[in-house]
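A.B. asks: Taken in order, these protein sequences are the chains called A and B. The opening position of the first sequence corresponds to residue 1 in my numbering, with each subsequent residue numbered one higher. The opening position of the second sequence corresponds to residue 1 in my numbering, with each subsequent residue numbered one higher.
Hints listed in this document are in silico derivations from the structure and should not be mistaken for laboratory results. Quantities reported herein were computed from a predicted structural model and do not represent experimental measurements. Note that the Cβ used here is the ideal one computed from N, Cα and C, for glycine as well.
Distance condition first, Cα-Cα at most 30 Å in a straight line; then the derived DSBU-like pairs of lysine-lysine: (1) B:K46 - A:K589; (2) B:K416 - A:K35; (3) A:K184 - B:K247; (4) B:K416 - A:K95; (5) A:K177 - B:K249; (6) A:K735 - B:K249; (7) B:K457 - A:K56; (8) B:K416 - A:K107; (9) A:K543 - A:K508; (10) B:K436 - A:K105.
Which chain A residues stay away from chain B? Per the calculated CB distances, all over 12 Å, these: (11) A384; (12) K441; (13) T490; (14) K559; (15) G626; (16) T704.
So the derived label-pair ranges between C-beta atoms look like this: (17) B:G187 - A:A223: 55 to 63 Å; (18) B:D288 - A:S739: 38 to 46 Å; (19) A:P487 - B:R95: 50 to 58 Å; (20) B:P99 - A:A440: 49 to 57 Å.
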Amino acid sequence: MLRIALVVSLLAPSLALAADPTPLDAKKVEFFETKIRPVLVEQCYKCHSEEAAKEKKLKGGFKLDTRTGLLSGGETGAAMVPGKVAAGTLLSSLKYEGELKMPPKGKLPDAVIKDFEKWIADGAVDPRTGEIAKAVGIDIEKGKQFWSFVPPKEPVVPVSREPKASVTPIDAFISAKWTEKGLKPVAQADKRTLIRRAYYDLTGLPPSAEAVDTFLADKSPDAFAKVIDTLLASPQYGEKWARHWLDVARYAEDQAHTFGVKPKTQAWRYRDWVIAAFNADMPYDQFVKLQIAGDMMSDAPGDAFTKFAGLGFLGLGAEYYKNTARDQAIAEELDDRVDTLTRGFMGITVACARCHDHKFDPIPTKDYYSIAGIYMGTNMSDAALGSPAELKAYQTAQADLKKADDTFKKMQTELRAKKDSWPVRVAKLLAMKDAAENSAKIKKDMPAAPSVAHVISGNGPGMKIYIRGNPATKGEDAPKGFLQVLPSPTPSGANYTRLDLANAVASKDNPLTARVIVNRVWAWHFGRGLVNTPSNFGKLGDKPSHPELLDWLAVNFVKNGWSMKWLHKQIMTATTYQFESKPDLENDKIDAANVYLWRGTRKRLEIEDWRDSLLAVSGNLDPKAGGPTFNLNDANAKRRTVYARVSRHELDGLLRLFDFPDANVTADKRTVTTVPQQQLFALNSAFMVSQAQAFAKRVETMGTTDEARVTAAYRVAYGRVPEKAELDLALRFLKLPLSAEDKLTRWQQYAQVLLASNELLYVD
Amino acid sequence: MLSNGMISRRDMLKSSGTGLGVLGLAGLLADEAKSAPASANPLAPKVAHFPAKAKHVIHLFMNGGPSQVDTFDPKPELTKQHGKQPGAAGKATERKTGPLYKSPFTFKKYGQSGIEVSEIFPEIGSCIDDICVVRSMHTNIPNHEPGLLLMTCGNTQPIRPSMGSWLTYGLGTENQNLPGFVVMCPGKPVVGPALWNNSFLPGVFQGCHIQNLDPKKVIEHIRNTSVSATTQREQLDLLNQLNGLHKDKRGSDDQLESRIQSLEIAYRMQTDAQEAFDVAREPLKVRDAYGKGYFADACLTARRLVERGVRMVQIFYGSGQPWDDHGDLEKGHRNKAKDSDKAVAALLRDLKQQGLLDETLVLWGGEFGRTPTSEGASGRDHNNHGFSVWMAGGGIKGGMAYGSTDEFGFAAVDKKVHIHDLHATILHLMGIDHEKLTYRYSGRDFRLTDVAGNVVKDILA
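Kindly produce the complete structure, drawing on both the sequences and the hints.
C.D. replies: Structural data, given as structure tokens:
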């Protein structure tokens with residue numbers, strides 16, 4: 001059995017003393033019983049006893065309701081050493097001397113503190129018996145038996161008796177649960193619903209009316225598979241799916257802070273890298289490795305962009321103000337890296353072990369610092385992506401500019417000093433004019449800033465444990481390495497690098513990595529993961545609803561070259577994916593949350609998809625891909641939302657309003673809130689009005705009568721023709737007289753209503 | 001039964017208009033595995049852990065850090081030893097400071113309690129019997145950025161929800177036609193939006209930052225400028241009908257229904273919010289009492305907002321860090337006090353007169369204090385070791401000075417109150433156990449007070 005060294009060292013003195021056979025002095029026992037025990041019971045047990053532990057109120061991992069517990073100390077180390085009043089934290093905390101002050105509600109009377117001092121000096125006689133119920137520390141071997149740490153094995157695909165869904169292995173696993181739970185799946189969605197669902201899921205855009213027509217006309221059995229293939233091959237696929245990953249990567253172009261951080265002017269290259277990776281169907285294990293250690297991989301692709309730009313995963317991470325409390329700020333930066341890396345790739349909350357051993361998962365504090373140590377002292381730097389000539393030209397021009405500016409400033413200073421004679425001053429004035437012109441010319445001809453990727457570089461030397469997460473109280477060494485509960489191809493130690501870390505995370509033997517990503521992809525398709533806590537596969541996370549299916553997907557995902565596109569197709573061609581999203585009274589009684597996927601899931605569009613749809617429907621969408629970001633406040637901005645600026649300092653109002661996650665921290669899923677400020681955007685924003693105007697204009701050319709135009713508008717916006725009631729409402733509205741203050745025509749007003757509708761905001 | 005006209009008027013102002021019932025706090029406490037159904041309005045009023053003394057918080061944030069020894073913490077010994085070195089009482093702050101530097105201001109006893117207040121705050125002084133000055137505050141770092149973050153979000157790094165976000169998350173808000181957490185600042189304080197951000201809490205709990213107090217511009221997209229009110233109603237009616245047809249075809253779906261409701265609330269918000277922020281509707285007498293300028297208008301707006309059920313209002317005194325007087329403190333503090341004294345006092349009196357002070361907790365203070373030693377010839381450096389804040393209303397004992405700093409006012413020594421303790425106390429007054437208001441994120445339960453915080457019981461009425 002493996003226990004971590006820290007625990008052993010803390011327990012050692014207590015074990016030795018427990019065996020001490022000296023009989024207890026009666027007077028000293030009496031002193032304890034009258035002066036010490038009542039204080040402990042009254043003032044301390046509430047937070048430091050077995051009882052407190054049972055009620056989950058134990059503080060600092062310290063129990064003093066037994067002699068053993070008191071002598072063992074807690075997370076801050078030894079509480080006291082009998083006979084030595086200067087040692088341990090008990091007395092100093094009672095005296096309110098250090099950072100730790102006990103009891104927290106107020107200092108005890110001096111007389112009481114003197115009693116404790118005397119008691120400790122006299123050998124701290126304590127007749128109480130009883131061992132600590134459970135020693136602190138983590139049993140790694142036992143931890144390995146938790147489901148998510150057990151390597152996935154390919155399960156046998158069940159034979160389904162469910163006639164509706166025995167088509168694919170996914171259906172077989174899913175339908176087995178229906179049988180078990182007594183659920184009856186609903187009907188298949190109609191083809192219009194299906195193509196819309198597929199378009200939004202894979203590209204974040206609605207299908208054109210023509211694409212819908214083609215699909216409806218295609219009666220071949222693989223018609224839907226063909227749609228999926230087309231969409232996966234389209235560049236819009238990468239734009240949609242990169243955004244999912246960017247939530248996990250807490251991608252942003254700036255820092256929450258306003259001070260002292262070099263701006264990351266080319267942060268968008270990481271976004272473009274992720275888009276390119278999805279579009280190229282980059283094997284996921286390579287996707288992972290390039291983001292951790294692309295610069296160190298001998299088998300990395302040759303081009304600098306692919307090799308370096310993925311490092312923005314951590315290279316764009318949090319940087320904090322280090323003017324004061326520098327060590328604390330660095331510790332926070334390390335925490336951002338450890339947290340984003342471990343939750344993002346492996347769905348495990350290692351950051352919980354920063355101040356104490358993980359309370360639920362087999363992650364000792366030491367493991368946290370083993371990983372943090374790899375990043376301790378690494379640099380946030382820029383990797384050149386362009387040619388050396390490009391870089392040289394830019395640097396030369398910059399140096400020239402500096403020289404010209406310096407000359408100008410020097411002359412300016414001299415002139416202001418008014419020390420020279422008039423003729424000299426005139427000459428200098430002329431020279432100054434030349435210098436200014438020269439500087440202007442250099443600026444004008446300045447080549448574009450060379451392409452760089454903002455990366456994290458270097459390898460840390462490793463670090464010591466910070467006791468209770470406090471950089472000021474260092475504990476034992478935490479040799480660089482991987483989590484003990486997971487396999488690592490290379491052993492921990494001084495030579496452990498980011499590359500070793502990358503190989504360990506992206507290993508097919510890592511029981512988490514493949515499971516976590518197939519679950520994420522599943523969740524992004526269905527709105528709910530098989531494990532409903534996509535970034536927490538630990539004990540406090542959700543248990544898988546379909547464990548065998550999760551393993552089947554993980555194993556086969558790896559077998560199929562870690563291919564995302566393979567995975568999408570497996571999921572989308574399953575009958576399970578293709579149900580209508582209607583409720584069903586009987587099923588609702590058993591599984592209203594649709595955990596067992598007996599129906600489709602109606603989803604509100606994410607803000608990117610909704611804004612892009614408004615632009616697409618109005619005919620305004622600019623398909624330009626990649627490059628620097630644009631500002632969503634710009635009224636003329638018509639590019640896809642994935643290319644909009646994302647700020648940690650001040651998230652754009654539209655993004656924030658529609659539940660875009662805070663880019664300061666990794667996000668596993670988006671909350672969906674419905675608040676009136678969102679509707680104010682739909683009713684009143686200049687953006688909405690502008691799309692309504694364009695949409696009305698677009699539809700005007702599509703027919704000569706209102707009826708024909710309304711029909712065209714429905715086809716463009718919703719991929720269907722209007723029903724009679726809808727047509728009647730439209731025609732009646734269009735005939736209403738205008739008010740004097742109206743700046744929009746009735747058609748423009750109507751177009752806005754169609755754009756603001758639930759039908760455009762929710763996809764069945 | 002309504003016993004007086006005022007209550008009915010206030011109830012009317014608070015029209016919640018959602019038809020959604022009150023949710024228990026426990027029901028909302030998030031769990032990673034179970035997200036609340038999309039239909040549940042996360043801002044609906046919720047039941048507190050225990051009966052609350054206060055229903056609203058108004059935080060008058062004197063950003064930059066006012067000096068305690070020049071405002072609410074008189075130090076005769078400092079005056080006596082002016083020019084001498086502080087000796088053992090000296091503490092490290094951000095910059096090196098010089099000798100002890102007496103306050104350029106005199107102090108005067110006010111009210112029945114006789115608490116001394118600096119001459120620069122005569123109006124606030126006259127309200128002292130409603131005020132509890134906490135003179136033993138301390139914080140972690142003598143820097144604006146971490147100081148501001150700790151005061152607003154309970155953490156020195158910018159990745160935690162702000163107190164207003166926690167409060168609206170825990171308690172919802174009483175008026176669905178207005179934002180639940182309003183932040184007013186002409187421009188931006190240092191750090192900026194992280195000070196009122198929701199962080200890992202859902203986006204609806206973010207503070208609504210209002211720079212321009214013009215009622216037509218307060219909330220984004222609050223005003224329709226393209227069609228008449230009648231036409232907009234016609235548009236909305238059509239939208240409702242189309243959404244109705246859409247929903248009927250799909251059977252019951254809470255999320256579709258709640259968006260339909262939300263559109264109606266938004267429609268009403270257009271008029272309600274503009275009305276709430278329109279201080280021109282106040283009688284001239286009231287406006288005169290508050291005085292002129294952004295801060296005065298913001299204080300008056302704060303009263304109008306809490307009257308209408310807004311949960312938390314935070315007013316930053318100014319853009320940047322106005323109270324940060326490293327030089328010429330006398331002039332700097334005098335001017336800012338002159339600009340704000342009348343408005344703050346008017347707010348306290350107005351709340352009291354409207355019967356709102358009992359249920360509204362007013363907090364005044366900066367992110368830290370200043371050194372009793374001099375910086376340069378006439379300024380003071382940041383000081384995290386000791387400073388003063390004061391509170392009034394909402395279950396706070398009036399006419400009280402709590403805790404103390406050392407003889408020079410450098411460091412809190414008696415009954416020290418950390419920011420976590422202040423937060424715990426504020427939550428307590430709002431009916432919340434600060435250890436139980438948690439949100440599970442990244443595998444653990446987060447709190448405003450991290451793993452600390454003790455309610456300062458002695459200052460509770």
